[in-house]
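Residue numbers (this note's numbering), protein chains in the order written: chain A, 1 to 182; chain F, 1 to 176.
Derived by calculation from the structure, the hints in this document are not laboratory data.
All residues carry an ideal CB built from backbone N, CA and C; glycine is no exception.
A hint or two may mislead.
What the hints assert, rightly or not - The calculated lysine-lysine pairs, modelled on BS3-like cross-linking and capped at a C-alpha distance of 27 Å, are:
no., chain 1, residue 1, chain 2, residue 2
1, A, Lys-123, F, Lys-24
2, F, Lys-112, F, Lys-92
3, F, Lys-24, F, Lys-156
4, F, Lys-103, A, Lys-123
5, F, Lys-111, A, Lys-65
6, F, Lys-24, F, Lys-80
7, F, Lys-65, F, Lys-103
8, F, Lys-92, A, Lys-99
9, A, Lys-49, A, Lys-123
10, F, Lys-111, A, Lys-99
11, A, Lys-99, F, Lys-103
12, A, Lys-49, A, Lys-65
13, F, Lys-24, F, Lys-92
14, F, Lys-156, A, Lys-123
To be verified - Covered, in the sense of this in silico footprint (three residues per stretch, anywhere, with C-beta under 8 Å from a C-beta of chain A), are these stretches of chain F:
no., stretch
15, 23-35
16, 60-69
17, 85-95
18, 105-119
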Amino acid sequence: MRAVVAAVAVLFAFATVSAQAADRKVADFFGVYLGHGEVDATAAKGQEKETRFSQVVIRPAPAEKGFTIEWSTLKLEGDELPSTANTKTYSQTFRPADKAGLFRDITSGDLNLNQDTSWAVIKGDTLSIVQVSAGPDGGYFVAHYDRTLTPKGMDVRFTRFENSRIVRAVHLNLLKGPAKVN
Amino acid sequence: MRIALALGTAALLLATAAQAADRKIEDFVGRWIGSGQATQGASNSQATQSRDSEVVIEKVADGFKVVWTTMSSNVDDGSKSKVKTSSLTFKKGKAPNVYTDVKSGSATDGKKTTWARISGSTLSITQLVIAEDGQWDVTIYDRSLKDADHMNLAFKRITNGTVAREAALSMTRAKD
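Here chain F stands alone, though its shape is the one from the complex (with noise of 0.2 Å):
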């Protein structure tokens, strides 16, 4: 009995570890499909815009690329609809799960500064943007992991010290 309380024990211990530990890049590596909203404002306002979306993940050399394209079409109007691809690579910092742009430069010189992070299950990628006269944004997005095959990506633009867009989507990997 207490030989099986042990176990018990011990397994829940190993489980909770598990979970606590910070998930690797190799673990987001793979194409991802999804869909969601954006909304415009504060958090609780309402939607203005559906997204689609494919996001790649692929390990480079010393760190990892991540290519997004992202369709956004109005709630109101389908027809108005736009795509855009953007892409970042990252290397390795200093400390491990952490990683800096390649082209992050000082965000007080003109230059966007890009970082991402990985911390349990979310991949966070941040970027700051300092225009010529002192006005603001940070760009967060924030992918975690649900499970292998699933990931939330909670977007969010915050301009001037107030939230500008959010937008929630819920990614499935492609089996390619």
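So that you can see chain A by itself, here it is in the shape it has in the complex (with noise of 0.2 Å):
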């Protein structure tokens, strides 16, 4: 009997790990979340408190039988609510690529020819996407956004780096949405 009990602990602990080491699907990431967060101080260095609002779709995308992601994004430095509300709202579709939880922006190019590369990929409960862009004098950014799920929503980190130096860090708690995106 104990040696049953053993067997059947160890085949839940086996499952457990397994469970906990597998990749979400991107259907796992598919919803409205809508939250908050501020820029890291360590990559705004000299700049006033900027917190960030920001809401996040992410939906199927049939035709391409990827998803779609939308962002919008609404800044406020200092504590005082903007006059006018600065506003920016992003839009990215993702088509599978040869490997699974692999994805590639469907306007993905070639950064040879000065054309922007865009993919996502999912690692146990993070969805990265990572933004490449070089212009025709060698400059270039990395744009780089980690969503992962959490028990209530998603926790979005997000770096830039222009030229090698990361000029803004930002940190975002949010919440999932009733809303249905299927």
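Hints given; two lone chains; assemble the complex.
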């Protein structure tokens, strides 16, 4: 009896570890998320406190068998509400690449031809999206977004590098809303 | 007096223009030797390696070639050293002072994308590599001329959005 209990316990432990290690499916990220966060102090040396409100919508893109992500950001400098909203909205659509959990932006091109390159990858609970852009003068930027599912929504970490320097790092906590996107 | 003032202003303007102008690849050509230290992780972390390096930059038909050899030694244990030699050849790009590695390919097709540019006194070489599983590395070598015979090298590797390693070396032109 003791051996059976031990065997079941071991199997349960393996199953738990395996479930934790498994990568999420992109459908797990579908939804509407809303929340706010602040610019990382280390990346904002000498700058006034900057708060960001953000909405993220991730929905299926059936024509591409992939997904579309739209995100809007409202910047708030200091503690005062701005007289005009400094809002920006972006959108990207991805199609699956030849490896599970890997996607490529449908407009992604060849950096050698100064075309923007972007891809997405799911690892564990995190959907990472990377954008790389190189200008004709050889200058470039890399934007890296890690969107990690949490019990209540999504944790977003954004880092932007310009010519090897971190120029912006932002951490946001978003809650998932009830809206359906499927 | 006015003439002296005008001449002074003209000289200042010329000096400013000269400083602002980008260097040419010829300014970097030569053999450079130097040393420095590397850190792992965030930029304020402690040095983990000492580095000795030789860099040879030479002109080729339509661009330049850079060959560098680096000996990396653990700070705690000098006996743990490794030596690595790398080489890249660049051809002129479409814009002035921009070059593309002759072997550069599309990163999203699993190839290394490598380019170089000169901005001010700095020759920057940047390489993007995307692994099969989507993980990525950007490696940057910024070689900045302090004067005709002295150069600073700032190396940085960014992995999946985080600074994974940095190194700073001071190099001197070798007089052969």
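Unsatisfied constraints (hint numbers, rising):
Checked against the structure, the hints that fail are numbers 1, 4, 6, 8, 9, 12, 15, 16, while the rest are satisfied.
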